[in-house]
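Protein chains in written order, with this note's numbering: chain A, 1388 to 1561; chain B, 9 to 704.
Please note that a few of the clues may not be correct.
Computed list of lysine-lysine pairs in DSSO-like fashion (alpha-carbon distance at most 27 Å, straight line) [stated by the list, open to error]:
hint, chain 1, residue 1, chain 2, residue 2
1, B, Lys-293, A, Lys-1430
2, A, Lys-1430, A, Lys-1497
3, B, Lys-682, B, Lys-655
4, B, Lys-618, B, Lys-562
5, A, Lys-1430, B, Lys-476
6, A, Lys-1430, B, Lys-525
7, A, Lys-1424, B, Lys-652
8, A, Lys-1424, B, Lys-562
9, B, Lys-491, B, Lys-476
10, A, Lys-1430, B, Lys-630
11, B, Lys-686, A, Lys-1430
12, A, Lys-1430, B, Lys-679
Honestly, the hints are just simulated from the structure, not real lab data.
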Amino acid sequence: MNQENLSKINSYLSFKLGDEEFAAHVGKVLNILELTKITEVPKAPIYMKGVINLRGTVLPVIDTRIKFGMSPTVYTTNTCIIVLDIDVDGESIYVGALVDAVHAVLEIDKNNILPPPSIGSKYKSEFIEGVANIDDKFIMILNMDAVFSTDEITNLKDKTEETEKTTNIEEIGS
Amino acid sequence: MDNFKKKFIEEATDLIEGLEKSLLVLEENPEDLPLIQQVFRVMHTLKGNSGMFGFDMIDSFTHEMETVYDLIRNGKLKATREILDVTLAAVDHLKVLLNEDNYSDPEVISNHKELLAKVALLIQIDSTSEKDAQADLKVEVNKDNEEKGENTYYIFFEPINEIFDNGTNPLYLIDEIHDLGQVEVFAHLNKVPSLSELNPEFCYTYWEVIIATNASINDISDVFIFVEDDSTIEIQEIADFNLLTDEIFVNDIKKLASIQNDIGLSSVQNLTKEAKSRRVKDKIKTFNKDRSTSKESSISSIRVSADKLDILMNLVSELVTTQARLSLFAEENNIPGLLPIAENVQKLSRQLRDTAFSIVLIPIENMLTRFQRLVRDLSNELGKEVVFITEGAETELDKTIIESLADPLMHILRNSLDHGIEDSDVRLAKGKPKQGRISLKAYYSGANVMIQISDDGAGIDPVMITEKAIAKGIISPDRKLTKRDILELVFLPGFSTARQVTDLSGRGVGMDVVKRKISDIRGEVEIESEFGHGTTITIKLPLTLSIIDGLLVKVEDTHFIIPLLVVDKIYAIEHEKIKKTFNNVVVLDGKQIPFFYIREEFDLNESQEKFEQVIVVNFEEKSVGLIVDHVIGEYQAVLKPLGKHYKNQDMISGATILGDGTVALVVDTNKIIKLFSKHEVFTIKEEEKPEKIIND
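Start from the sequences, fold in the hints, and give me the full structure.
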């Protein structure tokens, strides 16, 4: 399927980091893997968890939680690696993203996706494609290319502490 | 059609490349006839092929060039420098012409005309001799044709006794036969009776004629058309070539004729048979001779597209990976008979790997022609006398490495020619030989190939470099630099030492680009220079890029591969001993060896094991120990890139997948030791100490 057809599909894979739910367009997702042994590469940045064997090729794995300014991932039975096909300067690169849990594939109509709030957002807006309201829960739809491209290895969140607070509030609210 | 065209272009490129090489050799030995022949042949082939595929400009052009070399090979012209200059320019032009897009380019067209005019001039230089040559050629051609279509016939002609009655003179007939070709006539008089019985009006003589002619058997019998009814005439083809050129045959037949009354067809045929066998032998001999002379130029090889080779290499890599899994499986599951099979597969895949590798390895000779040309043209242009010496042209490298190596080497050579080698009078004044000398030496060194380019030119003036670096703000004036550091400055971006920008070098893109390009193929560049005496640039390259023999080791729970070629020895060492050492030096086999404790370097906890392993590796001709937890064994590692996300981890040159599906990291020991030693208190060698400080 080419990029154009892919973008017409309204399916998103939702996953969890801590208690927050995010989603990525299925066109970007190649695979969901169970956690396997990750070979650590010495002297690499902390969010670079290491490499795994993806059917004969070497796949770098990124700890999404660290990248998003959270504490490092604690491995549980739900921990997954989402294999993403990201676009870096026109070149397609495969990257594994470590997430706490994979939730569901959601059909989200384009009309239900709201633009990211420009003011008061706790995330840098260039990483967010939009926000969808599903069953009174807000799901952040992420721009995977921006989040995982090599040059943009910066913390997603501007202020870590504040986020945790807001997360708690949300929880109470829902 | 496009496919054919592509093939033509591919072949033509090869031909032109070969042509260039021959021309450069020809320049050294202008009298070398086989070489001239070769040049002529290439021109001829190019002409033929290009005409066929519609490359008209190449066709017309090579036609002219062919004429020139035809004159040379016939000794009508001398392969002078002037002609070679034009020819080399022509070769460049041909390369341009191979791209059809260039046909409409006005510059190309004007260049084309200019060169054609030059070539025409060459031919005219000796136009009279040219005519002679053409005349000669025609004669030769005629001769050739005659020889080609000739057959040999045997004619037996016995006229009836009363032949004179109808006014026929048989001698006229024999004369007529003479006109048809080369003949050997035997007149037999044995039937002439004694004088008393002789009828003077009778013809008693009969003839046997051996004729070599390209006339047909009908033409011969036509001669006898008026007498054939009442004479005995026999015409037989005895050979499909000129038998009369065979001296032995002619002598034998003459002998026979003198002994016997007549020779007879059967004895002629016998002699023919002998002659034929002699001829075949001769042919084989000359054929062999031809073969042996042309052997050097024709290496038995086939053309394979690079894509196919890449696929082959990938498949071999997959196979090696799968084989590792098989070996592991065989070891873990004790199935009778499986282990020998797994071992056999291992052996075979190793051989297959080596063979596949040798296919993609090509000798650096392939790019040397280009350099020879560069040195020749450039030294002419600069008015410098330079000899270019190459050594180790047979050294082989991965084709991808060779491809990316050409440009940097070209640049280095340009620098040597332009800035290195001085003008002749300056050289003489300095007491150096008039001719400058640039050498390119390639050799194997462990897991690497070294390419060394040295010149005996002016060398690099450290004072000037330092001044310039300060002027450009690259270094601060109060920095104390070692000689080596100063030389390293030339590799920094924006550093070009050419006093004036020439066409050749000093365009601002300097040695920094060279360095970058070489590090792209995992190579390293070093520069040494003696001011006033010359400069040597050494490039160190990995032998191959895809599969290596490695030593599989384990640290904590990570597997690492150390390239086997750098591994010298492995020792077991007590953990206590390591802890107690001062200055990170252990004594092994009576030698002091500095070491690195990998766990510490990689920020891991101390090992709880009692024994650890010291792997002694070669590092810049010194021994350095690396301490790991366990040594697992030899392993064929298929190198896979770590990807862009790990581009800064260059001490890991790649990863490989182990039999159990986990990933092992391939260590670049040179980089790792360099990295470690940067933040170590001790230095490996005293003299390198100041450098360490500056490097940081």
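Each hint, compared with the structure:
no. : hint                    : in the structure
1   : B:Lys-293 x A:Lys-1430  : violated, 70 Å
2   : A:Lys-1430 x A:Lys-1497 : violated, 42 Å
3   : B:Lys-682 x B:Lys-655   : holds, 17 Å
4   : B:Lys-618 x B:Lys-562   : holds, 15 Å
5   : A:Lys-1430 x B:Lys-476  : violated, 36 Å
6   : A:Lys-1430 x B:Lys-525  : holds, 25 Å
7   : A:Lys-1424 x B:Lys-652  : holds, 21 Å
8   : A:Lys-1424 x B:Lys-562  : holds, 15 Å
9   : B:Lys-491 x B:Lys-476   : holds, 15 Å
10  : A:Lys-1430 x B:Lys-630  : holds, 25 Å
11  : B:Lys-686 x A:Lys-1430  : holds, 14 Å
12  : A:Lys-1430 x B:Lys-679  : holds, 13 Å
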